[in-house]
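With the hints as extra help, turn the sequences into a complete structure.
Protein chains in written order, with numbering that gives the first Met the number 0: chain A, 0 to 365; chain B, 0 to 106.
If you're looking for bench data, these hints aren't it; they were derived computationally from the structure. Please note that a few of the clues may not be correct.
Unchecked claim - Derived contacts from chain B toward chain A, CB cut-off under 8 Å, selection only: (1) 2; (2) 30; (3) 52.
If you're wondering where the values come from, they're calculated on a predicted model, not measured in any experiment. Ideal Cβ positions, reconstructed from N, Cα and C, are used throughout, including at glycine.
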Amino acid sequence: MEGRRPDTQRLLDRLFVAAKAIGRDIAFMEVCGTHTMSAFRCGLHGLLPPNVRLLSGPGCPVCVTAQADIDLMIELADRPRVTLCTYGDMLRVPGARGSLELARSRGADVRVVYSALDALRLAEAEPDREVVFAAVGFETTAPATAALVVEAHRRGLPNLTVLASHKRILPAMNALMQAGEVEVDGFLCPGHVSIVIGAEAYRTFTARYHMPCVVAGFEDWQMILALTHLAEQVCDGRTELENAYPEAVRPQGNPTAVQLLAEVFESADARWRGLGEIAGSALVVRRIYATFDARARFGLVAPVDREPAGCRCGAVISGSCSPEECRLFGTACTPVRPIGPCMVSSEGTCQAWFKYRRRVVTEDVR
Amino acid sequence: MCLAVPARLVTLDGTEGVVDLHGNRVPVCALLTPEVGVGDWVLVHAGFVMQRIDEQQARATWSVLDEVERIDGVQRESQPTTGIGRIGNRDGGGPAGEGGNHGRPPT
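Here it is in structure tokens:
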């Protein structure tokens with residue numbers, strides 16, 4: 000039953016050889032919450048050469064969702080006759096007035112769905128309810144929302160809308176480079192986003208910033224393979240785009256999904272938690288589908304974006320501060336009582352540190 | 000959140016299908032992948048088939064996920080006082096919660 004799996008030790012040996020030859024501290028950044036979790040779970044940070052660091056960038060969609068967007072979801076959920084559906088990760092993210100979970104506890108109809116199409120079935124089953132699908136996620140998740148809109152349009156469903164907070168990863172990577180605050184030597188590009196947008200999507204970014212980019216899968220050896228490719232590029236002085244996950248990621252991605260995204264969404268500017276406004280980084284519902292856009296249907300206006308006092312999630316997301324440099328980390332802000340979204344999300348860097356790194360520190364002290 | 004997991008397509012009627020996801024039968028939508036057919040190994044994300052993959056790759060991925068699950072289980076048993084548990088999973092998971100009963104958190 001075993002599939003192919005290369006010798007991880009041999010990959011690590013190659014990584015150590017390249018890192019030694021580079022002879023200085025280097026840092027690579029991943030921009031995918033699933034990479035963050037995979038790295039911590041398999042103890043990847045502890046396996047790397049001492050001069051190689053792996054940073055977590057703005058790859059967790061829950062973490063980068065502006066608090067104003069969370070507040071909108073809560074405001075909508077509190078309205079009579081509204082059933083707000085969303086993915087499980089969103090329930091506990093704190094807004095200015097509590098969370099969706101808290102709204103549910105005071106009577107709001109908030110339901111967790113596994114698939115966007117669950118919202119469609121719900122809208123058909125309960126025609127007296129205004130069903131709103133609050134959607135977050137990068138290009139991997141956005142096609143499901145687009146499919147929901149197209150299907151709702153086809154079926155002429157009058158009681159279904161989407162409150163989309165979808166984001167595109169490449170504008171955020173561009174923004175990080177333009178801000179110039181993060182010093183990285185290469186990017187580990189997100190495998191499953193790349194299934195949709197394709198490996199070639201990073202070509203311009205690689206050339207513009209002379210930045211090595213390697214598309215990576217999510218298993219331990221796949222991440223080590225990608226890091227090895229990155230280190231060898233740095234060692235050789237190359238800045239190339241490589242696809243280390245070709246078994247799933249094609250050069251042009253999934254054309255059907257890309258076409259569906261283009262049909263339903265258009266790019267717009269959006270606020271990212273910690274990164275501020277990023278041009279062209281949001282996917283908003285096109286005007287032709289405005290009937291299914293909750294913002295248009297309910298006349299929603301985004302509230303002023305306020306972030307919790309003392310919370311440094313923004314700096315953590317942009318890789319310029321580690322969770323332990325935030326004075327709230329592990330004291331006022333824990334997975335049980337999160338203050339910032341990076342502690343709420345199972346893919347958040349702070350929760351990953353709390354679960355995995357903090358344990359290591361404790362054991363060292365002991 | 001952007002995690003996709005391997006599964007095998009067991010039925011397909013138009014764009015509506017069912018996958019065998021490590022022993023669980025899960026309904027999927029194949030709208031994004033018109034090229035897939037019954038018997039194919041695919042990557043599933045949030046109830047949607049995202050891509051066809053080869054069988055070896057799928058089996059390799061599940062062997063790693065099983066290993067991670069086993070290690071996480073051992074860590075949970077040895078760390079009973081962390082009080083963290085799988086907070087994100089108690090509502091059935093996020094869009095990648097395909098493996099919800101598999102014990103992995105929503106991503």
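Structure-based check of all given hints:
1. Because the smallest distance between the Cβ of residue 2 of chain B and any Cβ of chain A comes to about 4 Å, under 8 Å, the interface hint for this residue holds.
2. About 5 Å separates the beta-carbon of residue 30 of chain B from the nearest beta-carbon of chain A, less than 8 Å, and the hint is met.
3. The beta carbon of residue 52 of chain B comes within 6 Å of a beta carbon in chain A, closer than 8 Å, and the hint placing it at the interface holds.
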